[in-house]
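J.: Chain by chain, the residues run as shown.
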Amino acid sequence: MPSSTIRNQAYGWLLLTPAAIFLIAFTHYPAIATLGQSFFSESTVIRPAEFVGLENYQIMLTDEVFWKVVRNNIWYAIGTIPASVALAMIMAIWVNGKLAGRGLVRMAYFTPTILPMIAVANIWLFFYTPDIGLIDQFLSMFGFSGRNWLGNPETVLSCIIVMTIWKEAGFFMIFYLAALQSISPELEEAARIEGAGRWYYFRRVTFPLIMPTTLFVLINAVINSFKLVDHLFILTKGGPDNASSLLLYYIYEVAFSFFDEAYAATLTVVLLVTLAIIAIGQFLLMDKRVHYR
Amino acid sequence: MIGYHGIGVWLEKAAAWLLALLWISPLIYAFWAAFHPAIYATRFDLLAPLTLDNFREAWSQAPFARYYLNTFLLVTGILIGQFVLCTLAAYAFARFEFSGRNIAFALVLVQLMIMPEVLIVENYSTMSKLGLVDTISGIGLPYIASAFGIFLLRQTFKTVPQELEDAARVEGCSWLQVLLKVYVPLARSTYLAYGLVSVSYHWNNFLWPLIITNSVETRPLTVGLAIFGAPESGVEWSIITAGTLLAVAPLLLGFLLFQRQFVQSFMRAGIK
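If you read the sequences in order, they're chains A and B.
In terms of numbering that gives the first Met the number 0, the numbers along the first sequence are unbroken and rise by one, the last being 292.
In terms of numbering that gives the first Met the number 0, the numbers along the second sequence are unbroken and rise by one, the last being 271.
Next comes chain A alone, as it looks inside the complex (with noise of 0.2 Å):
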């Protein structure tokens, strides 16, 4: 059937263009415009950009503050993802347990999660506040005296993790109580019978089980430790001393508040080769559980 299989041809193409183009505007062409940028320096008015090679490259290796943003994306991600990845399965087996007035517990869990992070922020800085604010006025009972929370580079960022983790893992037990739901009861009547405890059936049933889902969690985890600053423009505006300032973060700042493009392009191939790394991840850990499976 010849003309039916162009016709096929012809609509489906014709089907995909609007959302083509628009992809290809705002994600494809940006990706590929981002890396060729960063060959480039930055144009000004007596000068156009010419191209340099790696020379944005080389400066990025030895800007300081580069590597310190690199850092602390680290240090967040280590500090967010592991501790709302738990908190989230815990809930999602509380949640999903009998337990009394379980659906006021769930909107509680999950309640953080529809709250755009500038108001999470906005609230958030006054428990952090030095002296008046909640956790200082709370420390002082015991007679502990005030801490300038967000002003100390030591403090700042585990401030910020905290926050990141009571926003987060409401969000994450979503997934897990899908999972949860998934997965048929028989099993625990089995286990039951067998005399098997609680925590053996977490371990040895409901935790191999519901591993791709901690999967998918743990990638969406990653990705959103990358994407997500909309806190830092409250809270420290990457301050002090970019102790708490991201990567994505910076590279507003390189390109929006110091005007550099060239060097915010350069450090988005970063961000973006970061991600590509993640999706490269992912995608060969599916692939093994196919295989496994």
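Keep in mind the hints are simulated off the structure, nothing from the lab.
Check before you lean on any hint, since a few could be wrong.
Quick look at which bits of chain B chain A covers, simulated, 3 or more residues with Cβ under 8 Å [unchecked claim]:
{"hint": "1", "stretch": "17–28"}
{"hint": "2", "stretch": "92–102"}
{"hint": "3", "stretch": "112–123"}
{"hint": "4", "stretch": "205–216"}
Between beta-carbon pairs, the in silico distance windows are [said to hold, decoys possible]:
{"hint": "5", "chain 1": "A", "residue 1": "S157", "chain 2": "B", "residue 2": "D52", "range": "32 to 38 Å"}
{"hint": "6", "chain 1": "A", "residue 1": "G35", "chain 2": "B", "residue 2": "L21", "range": "26 to 32 Å"}
{"hint": "7", "chain 1": "A", "residue 1": "T43", "chain 2": "B", "residue 2": "P62", "range": "32 to 38 Å"}
{"hint": "8", "chain 1": "A", "residue 1": "V51", "chain 2": "B", "residue 2": "A37", "range": "53 to 59 Å"}
{"hint": "9", "chain 1": "A", "residue 1": "W66", "chain 2": "B", "residue 2": "F30", "range": "20 to 26 Å"}
{"hint": "10", "chain 1": "A", "residue 1": "T61", "chain 2": "B", "residue 2": "S24", "range": "43 to 49 Å"}
{"hint": "11", "chain 1": "A", "residue 1": "I31", "chain 2": "B", "residue 2": "E235", "range": "46 to 52 Å"}
{"hint": "12", "chain 1": "A", "residue 1": "I31", "chain 2": "B", "residue 2": "L129", "range": "17 to 23 Å"}
{"hint": "13", "chain 1": "A", "residue 1": "F282", "chain 2": "B", "residue 2": "L129", "range": "44 to 50 Å"}
{"hint": "14", "chain 1": "A", "residue 1": "P211", "chain 2": "B", "residue 2": "R168", "range": "35 to 41 Å"}
{"hint": "15", "chain 1": "A", "residue 1": "P239", "chain 2": "B", "residue 2": "S98", "range": "52 to 58 Å"}
{"hint": "16", "chain 1": "A", "residue 1": "T43", "chain 2": "B", "residue 2": "E235", "range": "30 to 36 Å"}
{"hint": "17", "chain 1": "B", "residue 1": "L21", "chain 2": "A", "residue 2": "K67", "range": "30 to 36 Å"}
{"hint": "18", "chain 1": "A", "residue 1": "I20", "chain 2": "B", "residue 2": "A37", "range": "35 to 41 Å"}
Some but not every residue of chain B turned toward chain A, in silico, with C-beta under 7 Å [stated by the list, open to error]:
{"hint": "19", "residue": "L87"}
{"hint": "20", "residue": "P141"}
{"hint": "21", "residue": "P249"}
Remember, it's a predicted structure, so these values are computed and weren't measured experimentally.
A virtual CB, placed ideally from N, CA and C, is assigned to each residue, including glycine.
Use these hints to put chain B onto chain A, whose structure you have.
T.: For chain B alone, coordinates are given in the frame of chain A:
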């Protein structure tokens, strides 16, 4: 249920409740601060007088009405655009054999990893070339071809039995009629799920709107709130909290009223 007896189980239940209390307390505290005079912001007196002054103040100090309108236009515009573009593309991927389909689909999925907010520098210069800086379309356009939406709808469309389509064709339906009369109604719950996720995402989105807008006429709530609540603005704490609650109120209210749909939508969107 395994081992649902003994003290350990009770401890676990208590822990579940304690965690829930801990989790909701920042929000409850925000309500406390917003509905009481400023001097009670850190004094928890159950007899403290309730007031709406903070809300009145917040409302008069920032153009919240305009921000509401902007956010409303933004999320509805994006949603309509996403529904149209994603439906067409998903239909193409689900039901049409065309060469390069798999490569095209892989290229669509790239956007799941590389979201528009990562490409702020280049997208900003595209928008300024198009003359769309500081417009609501400028905020929304990068998002309307959503890989996530295309993926979700494609999965749903694939479950529609081919016989239904064939029957409609025999009746003389064009492809557009088949799409609108067979596929779209059958995917209603997917549209609901995706719609809720999309609306809450864009209601809360901040970085890109911040970059692309610079006037009251275009700023969505999140950006307006950030300017209003910035420490250097010197606005009093209780008023900032009231403003924060104003900004989240519609979504929060929607969530509380339709909690089940929200949770199920996020679940459905996550499984696929």
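J.: Against this structure, judge whether each hint is valid.
T.: Here is how each hint holds up against the structure:
| no. | hint | result |
| --- | --- | --- |
| 1 | 17–28 | holds (count 8) |
| 2 | 92–102 | holds (count 6) |
| 3 | 112–123 | holds (count 12) |
| 4 | 205–216 | holds (count 4) |
| 5 | A/S157 x B/D52: 32 to 38 Å | 36 Å, holds |
| 6 | A/G35 x B/L21: 26 to 32 Å | 49 Å, violated |
| 7 | A/T43 x B/P62: 32 to 38 Å | 37 Å, holds |
| 8 | A/V51 x B/A37: 53 to 59 Å | 55 Å, holds |
| 9 | A/W66 x B/F30: 20 to 26 Å | 42 Å, violated |
| 10 | A/T61 x B/S24: 43 to 49 Å | 46 Å, holds |
| 11 | A/I31 x B/E235: 46 to 52 Å | 48 Å, holds |
| 12 | A/I31 x B/L129: 17 to 23 Å | 18 Å, holds |
| 13 | A/F282 x B/L129: 44 to 50 Å | 34 Å, violated |
| 14 | A/P211 x B/R168: 35 to 41 Å | 38 Å, holds |
| 15 | A/P239 x B/S98: 52 to 58 Å | 57 Å, holds |
| 16 | A/T43 x B/E235: 30 to 36 Å | 43 Å, violated |
| 17 | B/L21 x A/K67: 30 to 36 Å | 32 Å, holds |
| 18 | A/I20 x B/A37: 35 to 41 Å | 52 Å, violated |
| 19 | L87 | 5 Å, holds |
| 20 | P141 | 4 Å, holds |
| 21 | P249 | 11 Å, violated |
The structure does not agree with the numbered hints 6, 9, 13, 16, 18 and 21 stated previously, though it agrees with the rest.
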